Every structure is written in C-alpha cells, then in structure tokens.
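Number of protein chains: 2
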Amino acid sequence: MDRPRVIRVHPQDNVAIVVNDGGLRAGARIPDGPVLPGAVPQGHKLALVDLAAGDPIRRYGVVIAHAARDLPAGAWVNEHNTVLPAAPALDDLPLATVRAPQALPVSATFQGYRNPDGSVGTRNLLAVTTTVQCVAGVVEHAVRRIRDALLPRYPNVDGVVALDHVYGCGVAIDAPDAAIPIRTLANIARNPNFGGRALVVSLGCEKLQPARLDLPEAALVTLQEQDGFGPMLDAILSAAETQLEALNARRRETCPVSELVVGLQCGGSDAFSGVTANPALGLAADRIVRAGGTVLFSENTEVRDGIAQLTARAATPEIAREIIRELDRYDAYLARGGVDRSANTTPGNKAGGLSNIVEKAMGSIVKSGSAPIAGVVPLGARAEGRGLLYAATPASDFICGTLQLAAGATVHVFTTGRGTPYSLEALPTIKVATRSDLARRWHDLMDINAGTVATGETSLAEMGRQVFDHILAVASGAPTWGERHRLHNALALFNPAPVT
Amino acid sequence: MDRPRVIRVHPQDNVAIVVNDGGLRAGARIPDGPVLPGAVPQGHKLALVDLAAGDPIRRYGVVIAHAARDLPAGAWVNEHNTVLPAAPALDDLPLATVRAPQALPVSATFQGYRNPDGSVGTRNLLAVTTTVQCVAGVVEHAVRRIRDALLPRYPNVDGVVALDHVYGCGVAIDAPDAAIPIRTLANIARNPNFGGRALVVSLGCEKLQPARLDLPEAALVTLQEQDGFGPMLDAILSAAETQLEALNARRRETCPVSELVVGLQCGGSDAFSGVTANPALGLAADRIVRAGGTVLFSENTEVRDGIAQLTARAATPEIAREIIRELDRYDAYLARGGVDRSANTTPGNKAGGLSNIVEKAMGSIVKSGSAPIAGVVPLGARAEGRGLLYAATPASDFICGTLQLAAGATVHVFTTGRGTPYSLEALPTIKVATRSDLARRWHDLMDINAGTVATGETSLAEMGRQVFDHILAVASGAPTWGERHRLHNALALFNPAPVT
Ligand SMILES: [Ca+2]
Ligand SMILES: [Ca+2]
Ligand SMILES: [Ca+2]
Ligand SMILES: [Ca+2]
Ligand SMILES: [Ca+2]
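Heads up: the protein sequence lines correspond to chains A and B, in order.
Residue numbers for the first sequence follow our numbering, so the first one is 1 and each next one is one higher.
Residue numbers for the second sequence follow our numbering, so the first one is 501 and each next one is one higher.
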C-alpha cells in the first residue's frame, strides 16, 4: 500500500480527505497526524484532532456540520456521526460579515487586444451573430467560405465564429422573462474578443428584430432582402470583408491583468474536484483579483447550499442581498417546474465522501478563492466593476459558459474530474483535470493536470501559481487543446420564458 | 389595371379575397360575380352574395363571423361590419360533429426504404445521436470524417446526420415535464429514415443515460471510456462502420402511399398563405389520406382560435377531447410564463385583411385539408395509426419540425410567404412559396411556387395535385433545394422543465 496521504484544504479545517486508492486501513499513520482507529474510504473525511460531541466540523474553512458524538483523532467522519446544519433559509443569512483577507497587490501583464470601448480581448475573432435560427444554415455555409476564402487574406484575425442559437422567433418575446435571452445575445456580440465589429445576420420577419440587439457598430445582412441562396452568401461575405478589414488592424499589446475577465466553471465533478483543481483555481482567482482583474464564478444550484458563505463574503450588505435575490428567484423558477431540491446530494455523492449538501456546495465554491465578492452579474448582463463577481447562472455547463461569454469573460477555466471535452469557440477554454489518471488518458484534451496536488508531487500553492501563469499565457495567445482541435460546444441560451 | 381577380377557398364560402395588387376600385366587376359598390384592398374580403344582418360569414367553409348589418354583394367585409364569434372556451366545443367528406380511395406508390419494424423511410441516413451537448464537438469532427472517409465506400447510404441538442445534463431530469424532451430524443433516433441503426454517442456521467433512450439496436460509444480525443474519433468511426454496413444493404422498393408520413408546417406567413400555398397543401393532404397515408399537422398557438373547427372535424368525441386536453395544457404553459394571448392578431394582420383571430387560425388550419382528424400525437411521441393526425406542437418552426421528426414524419412540407431558408437535415423539406415573386427571387430555395394560384395561371385543384406529385417524387429520392445545398437548421427540443 502507498504511504498514507490526506488533504486538508484550509488551515482551520479539522478534517482531511483520504487520497490513497482503496482508502486507508485501521492502524495507518497519517504523517504528522493521527493513527486511524478504523478504515476510511478514498475521498472520505477523517478527524485530524479529537472532536467532542457538538464540536463544529470544519472543511474549506467553514462549518459543514457538527459532531453527533465524541470522535477520536483519525476517525472516519461521515453523515452517520455528524449533524447536518439547518437548511439555509434566505431570510437569516450573515451579510458581509467576513473581513477581506490581507491581499498584497500583484503586478502582472498579458498580451491583449485593446478595444475602442476600453475593454481588452484575448482573441481577435469575427463574430457572425444571428437574430433567429432560420438563418443558421446559410450562416454555416457563409462561415465556411469566410474561413476558406477570406481569412487567409487577414492574417491578424484569429478566426470566425457563428453565434448560432434557437431563440428569435416562435417565442413569447414580450413575456417578462424574455429580457434574459435578448440581453444575453446582445451582450455576447459585445464580447471584447469580437472587437466591436460583429456581423448580424437577420431573416427579416422574425420577432427578434436586429434593433432589439442595439449593436450600432455591427454590420447587418437581412436575408429576405437577397435574391436567393447565392446572393445571400455573397452579401454575408461582402459584409464580412468590411469587418475583417477593421479587425485585421488590431494588434496585441501589453496590458495589465486588471483588464482580464476570467470566467470559472466546473463540470463532471468528482471527489477530487474540491481538493485539487478547484482550490488551485481558487488560489489563481485570488491572484487575478489581487492584480486588479475580474473573476466570474457561477452555478446557482451548486452554490445554493453554501449561500451563507457567499453572503458572509460579500463586500457589502447590499451585494449580499443581491446574491440572495438572485438565488431566491432561481428557487422560484425551479419550484414552478416541480423540481425537488432534496434530491441534490445523490447516493453517488455520499459514496464519494460528500457527507451533505453544504460540503458539496463548498467543493464548488472553493474555486472562487477567498476574495470578497465585489458584485453580482444578473442573468445575461455584462459584468460591471472589477474583482470577484458572482455571475448568477444555472450550473449547466453550456448555459453557464454562454452567460459568462455574455458577461464579457475573455478566458474560461473549466475543472473536471470525470472528464468532458467541453469547450467554447469564442472564449479560450482551459480545462483542468482533478486527477492525474484523467490528465494522462486525455493528454490531448486536458490543458492542466491538478491531480499532482493529491499525490503531493505539487503543492497547492505551486498549482495555484501554475494555473495563474497558464491563464496569462492563454490570454496572450497560447492555444488551448480546444482551439488546437477546433473543438467546441454549441451555445445554449437561458430562456425561462415560453416558446409559442 | 389587371382584370379583377378574387379567390374563394371553399365552395360554401360567401366571401372571397381580392388578389389584385393595389386592391379593386368601386365599379370593378368580378367575373361571374358582383360589381363592387366601393373599393376593397388587396388581401381583403368582399361579399359574393347579398348578406343580411346576422348572416354567417363563411370562409374556409366555416363561420368566421356574422354580418353586423345588411351588406350588398361586392361590399368590403371587414372587422367593422362583422361581429366576432365568442372567444373559443374549451368547455363547450362541438365534438366530432362534422361528417367526413366523401373520399374516393386513391392508389399511389413511392420508392421507399422498408425497415424491419414495418416502417418505411424516404432516405437512408446514418444518425449519430447524442445524450448530452458535451459530446457535440467531438461528434462534429467524427461526422466530417465519416462523410469524407467512410461514406464513399457505402454508396447506398444517402448521408450522415449529427443529432445535436443542448439537453441531457444540467437539467431537472426527474421534473414532470422532462419526459417530453427525453421521449423526443428517443423517438427521433427511431425515425424511419435512420433504418433502426442509429449510433449513440454518450459522455458517461450525464443525467440522460443512454438506457433512458431505450434504443436496443443502436451502437453506443462512451467518450469517458476512451483514452483521449484521437481514440474518441476512432471509436465513433469504428461503430459507424458497423452501422453503415447494415444501412448499405437497404434498397428502395415500391411502397404504397399508405406507408408515407408527411409533416406539414408553415412559417413566415403572409396574406396569401391562407389562399394559395396552404389550401393547395390541404388538397395534397386530403389525397395522401385518401391513399391511406399519414399526415401530421401542428402549431398549437396557430390553431388555438380555430379549435372549434378541429374538435368538430375529430373522427370521434374522444379524439376531440384529446385535442382539447393538449391545447388546455398549452394554455396553462403560456399562462405560467405570463404570455398575453390577446396580442395574437396584430395590426399588421388586420391591415393584411385578416378580420379576426378565427380567420387567422383558419388560414393555418386550411393546410390540413378536409379529412377527419383521426388521432392526436402528444409532444415528443411517435405517431400511431394512419390518416390525418394532430401533432400538438408549438408553432416555432424549429421546435415543430423537431417534434414532427420524433413523430416519425419522413417528408416535411413547409409553406412560406415572407420566405425562410428553413430546412431539416434528417427529413427532406419541401418549401412552398405563397407568391410568385418570392418563388422567382428565391429560385434556388423554393421547391414549389403556389403563387400561380393567385394569378389564376393554375387552379387550386391543379396546384394540389402538383404538391401531391412533388411529395411522392421527393419521398422517392428527388432532392429538395435544402438537400442540394446541404442547407439545414439545428434541431430544437421542446423542454418546458427547468434547467439546473
Ligand atoms: Ca459545476
Ligand atoms: Ca457547470
Ligand atoms: Ca405557422
Ligand atoms: Ca411554424
Ligand atoms: Ca452546428
């Protein structure tokens, strides 16, 4: 058997996670720690010190439960010998109670594309956006022709991206919630990676008229004004040339990290997500914030049960109340659809060592680091201000990524344990593996291996620094695996309003 | 000025529509009809006979309103001199009151692909379906390689289609309404055009596990079991070869039209939709039904205000009650999202000659012809039985088309006035223009010009026969414009359940 190995995430934690394959047997001795009175499975928690009945169980630096009885150091801590905290009601939460940690400023730069509106992109892309799905087939043909026939003549342009979606017609466009997909589409086209030079392709009679997107500098092609399929392609290619001409003049220049907007997400998580990739990402996020940059974290249903930690970390009581409002609205949305939230922690989660829903949420929240939450980005809105922001999106990988694109993210970092080839086309997507096994097997998909934290080959601090450095390299133009393969997912709009 | 020209849709109608550009002046004489006492705009109705106050106004063979005062033959009939019928409540509708029209059987055949389960396809396609959006990027690469490297070796296979969608994870998979997208995806993969030989690409950890699709004869590739991107592509290509081998053995054979399933839809409609393309399609639909075939018509929000005509035409009271149940459920879905149905008839509709919402609905319903409604297809279900069926889908072109694909349609007929390049990849999509001007301008997109009905160059009966013949030709392999250009829209699932 390997040398016993555990991971403690936060210095104040009184439990740690077993790393070894197959878990640890009774009698195993933790280096600088207790001897185990009984076996503890892999991914599960053991007590680092003697705990008395009623003592708080601290993981991720927060109380995730209380001891149900006395537990000696080394004992397995699980859902049977702990007491769940009360369900987090929304009317009695701590508001901005945590003092911001000491944060020495960091000075760092990257090579970005500065835009006329002051924003900075990490890529130089021609966006071909659409007001309705009817035009998608024509746009697909046009994009292929732009890529093959035009791009070689505009060497400073990195690529062309079709912003394809199923919104725009056959929808209740004046329903109260329709504002969400509409502003999402408008803000996606304004993403800094597109340099303010999107091309809008409209059918003509759709409900989502181009004026609703309010994109004054975008070029517009209306298919119903063209005399057939051939002329449609010609019109799009001609408009594309005008925009490519302008985009081709963009050049990378040295920009402070304060101009960077990094969107964080996880998907296909496992027991190691919360101990390797996510905390390393949290350290990188802290570093970006200390450099004055912007970090977006998200995933309503994954933070919901750790909401007390978010409201406590809010920079002001008003920001805490905004977080509560967003999650309250999401609760109501789920309830309207008859969703039973109690099914949140699955048997698989518990078998993997997650004793309860607070612990599960903390494993996701830990990727946000420890900075104060400086603001909330509503669904589909563009992020305002800098620092760590909560972009209140669903956890669905595609919808979260689409909304972070709308929020103005210019780099996307995605942690995964079980593995997904997920990637966005308009946003370089850095994939971080939680386990070395996954990183080895998917060597041509995973950009960073955080699994070496679990085996002790790399310290969490070093891994945090690696992730930070990798973010700056990618922001400066280094391609991700997704970009190398030109491998990407579709966009997915969040539309809680009815279709018609 | 052109010779005065009007269109009467149904022999029992006592009003007709003015065709002439610019409308007709006072004094104009309708051939075999009245002299106009005043002007009537294009697309608007005139009385064909003297009407007394209280007389029913018949259009499409149904009562769309009553005369508010005496109206002489030739008078303009509009919303000011007619009385709207009562809003169609759902609790007092005629149930199966219309006697089925005399229907002489029609004998006709097409060249189709007969499947082991008895269904007949019109195309021989390899479907690569997906359980979750994570895999879409990999599938896109794989489909390109299948097309380029494998298809040339399987000459009897018409193509390969990626069934890409954003469902499958990050969704409330146990919410009551989740059954709709799940059975939609399962039934799409069972469409007769795929020969029972779909290939399912799964990630591994997604909520929509492949077993939920219940596709015993499908091949399965799970990406999380593969060692990276290269091996993922190899695994999909290898599974594709097995299925292509089987599909390549399929041959077209002579099949009766009773094996054909034709899905009807309209989109981007104009004032002529209800007088040229839709009634011609209605005659073609009647002919398919008389030949024992299956016709699906749809679009809840467009038939809602003509529901009395549907329930009256239902073959049995139980079928009428099923129609009512489906539309009642859709009313509730729209109400949950705060949609105001009273906005249905727009000022543009009225300016175009549509006096009220019943008349608007009838312009859409007329494409279903005059056969009795023999059954209702619930959302996402596969059609059972033959004859004219109401597939209770939203009107959204993409969602309606996707649900008709799930219902087992093997040919799609789409009428359009304003023009849309809409087309499905898995289902040959015949586009019918309502106006000659559109058909001329979009000569490389519109498959049939029904506009010649308005100008009298073609009778409605002849046009109905042309549409019928064209459906059989396309069912037998003649390519549509969409297929020639390989131009198609994305699928769009109807998912009224929440995302998470
Ligand atoms: Ca997540
Ligand atoms: Ca996610
Ligand atoms: Ca329609
Ligand atoms: Ca439609
Ligand atoms: Ca696509």
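Hints are computed from structural coordinates only; laboratory data are not their basis.
In this text, all values refer to a predicted model and were calculated from it rather than measured experimentally.
Cβ coordinates follow ideal geometry from the N, Cα and C atoms, glycine included.
Hints may contain errors.
[Said to hold, decoys possible] According to the in silico footprint, chain A covers these stretches of chain B (three or more CB under 8 Å from chain A):
#1 877 to 887
#2 942 to 952
#3 990 to 1000
Quiz item: Which earlier hints turn out false for this structure, listed by number in ascending order?
Solution: 1
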